[in-house]
Amino acid sequence: LGHVFSTPPLRGFWGHGIRTLLPSSEFGASDLGIQTTFPDVLHCANVTIVSHNVCQAIYPTYVNENMVCAGRTEGGTDACQGDSGGPLVCNGELQGIVSWGPQICAQPYRPGVYVNVCRYFLIPNENTCFVC
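In the working numbering, the protein residues as written are 1 to 132.
By construction, these hints were calculated from the structure, which means they are not laboratory data.
Hints should not be assumed to be uniformly reliable.
[Stated by the list, open to error] Okay, the calculated beta carbon distance ranges per label pair: (1) Glu65 - Asp40: 32 to 40 Å; (2) Asn64 - Asp40: 30 to 38 Å; (3) Arg119 - Ala57: 17 to 25 Å; (4) Glu74 - Cys44: 30 to 38 Å; (5) Thr61 - Arg119: 26 to 34 Å; (6) Asp40 - Phe121: 27 to 35 Å; (7) Tyr120 - Glu74: 28 to 36 Å; (8) Pro108 - Asn53: 17 to 25 Å; (9) Gly85 - Asn46: 30 to 38 Å.
Don't be surprised by glycine CBs; every beta carbon is placed ideally from N, CA and C.
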């Protein structure tokens, strides 16, 4: 606290099978499973966008068009408890906000779910969301 910094500019996207690593910044749990202590230093996790169809198949009835999923197929990296509200950034621009995920974090084939910022903040004169 006490330091001025710039936040990423808002910009949206909607990925369909995109395989781009995106940093997700977080202060949440850093181990798999439930944890009661949290780090003092901001962490960054490189995650991959999961197609909307795949995400809906993993989480039927829970994922809609206002959400985007990201994680790693092999697991081991994910947003976790305490990270909700944190940013998902691509090319220096805010793409998503950490929302929810499986109870045990960073599982293979269980991506985290983010708010798809583009669905709420469309760029003037653009009809579609940016693809990262």
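Status of each hint after checking the structure:
1. Glu65 - Asp40: 32 to 40 Å: holds, 37 Å
2. Asn64 - Asp40: 30 to 38 Å: Holds, since asparagine 64 and aspartate 40 (Cβ atoms, about 35 Å apart) stay within the stated range.
3. Arg119 - Ala57: 17 to 25 Å: holds, 20 Å
4. Glu74 - Cys44: 30 to 38 Å: Since the Cβ atoms of glutamate 74 and cysteine 44 sit about 18 Å apart, the hinted range of 30 to 38 Å is violated.
5. Thr61 - Arg119: 26 to 34 Å: About 18 Å separates the Cβ atoms of threonine 61 and arginine 119, which means 26 to 34 Å is violated.
6. Asp40 - Phe121: 27 to 35 Å: holds, 31 Å
7. Tyr120 - Glu74: 28 to 36 Å: Check passed, 31 Å falls within 28 to 36 Å.
8. Pro108 - Asn53: 17 to 25 Å: Between proline 108 and asparagine 53, where Cβ atoms are some 19 Å apart, the hint holds.
9. Gly85 - Asn46: 30 to 38 Å: At 19 Å between Cβs, range violated.
In this structure, the earlier hints numbered 4, 5, 9 are contradicted, and the remaining ones agree with it.
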